[in-house]
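**Student:** Sequence:
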Amino acid sequence: MRKADLVASISKKTGVEKVDVIQTLEAFFEEVKGALAQGENVYIRGFGSFVVKKRARKIGRHIKKNIAIEIPEHYIPAFKPAKVFVEQVKDNVKVLPEDGQQ
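The numbering used here puts the first residue of the sequence shown at 80, with every later residue one more than the last.
Derived by calculation from the structure, the hints in this document are not laboratory data.
Every value quoted in this text rests on a predicted model; they were computed, and no experiment measured them.
Please note: incorrect hints may appear among the correct ones.
As the list claims (entries may be wrong) - Result set (DSS-like, lysine-lysine): computed pairs, CA atoms no more than 30 angstroms apart in a straight line:
#1 LYS112 to LYS82
#2 LYS143 to LYS92
#3 LYS159 to LYS137
#4 LYS169 to LYS159
#5 LYS112 to LYS169
#6 LYS137 to LYS97
#7 LYS173 to LYS82
Please take these sequences and the hints and turn them into a complete structure.
**Tutor:** Structure below.
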């Protein structure tokens, strides 16, 4: 599902115009990004948490030059789904075997 599909689905279910849904969704995204940029986590009960994770300093390798490089410690955004959300997905998603046959 892409953002356009999400907007269309929300608009259809709520009766709110697509333009208004897009503006609301974009405002939500901006608020989450802004909070994470300030080091603040965002918790949404029953859905999950948008958190900032710290990655430790490590040694990496520049493959083309075959030299070791230091990757400094840095912070990345991450999403941790709520337990209820995880259980709902586990109970409802049916994955086909790797060969594509049932």
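**Student:** All hints are to be evaluated individually against the structure, with a verdict given for each.
**Tutor:** Structure-based check of each hint:
1. LYS112 to LYS82: Holds, at roughly 17 angstroms.
2. LYS143 to LYS92: Violated, at about 51 angstroms.
3. LYS159 to LYS137: holds, 24 angstroms
4. LYS169 to LYS159: Distance ~15 angstroms between LYS169 and LYS159 Cα, so the pair holds.
5. LYS112 to LYS169: It holds: about 28 angstroms lies between the C-alpha atoms, which stays within 30 angstroms.
6. LYS137 to LYS97: violated, 45 angstroms
7. LYS173 to LYS82: Satisfied, since the Cα-Cα distance of roughly 23 angstroms is no more than 30 angstroms.
Hint compliance for this structure: hints 2, 6 are not met, and every other hint is.
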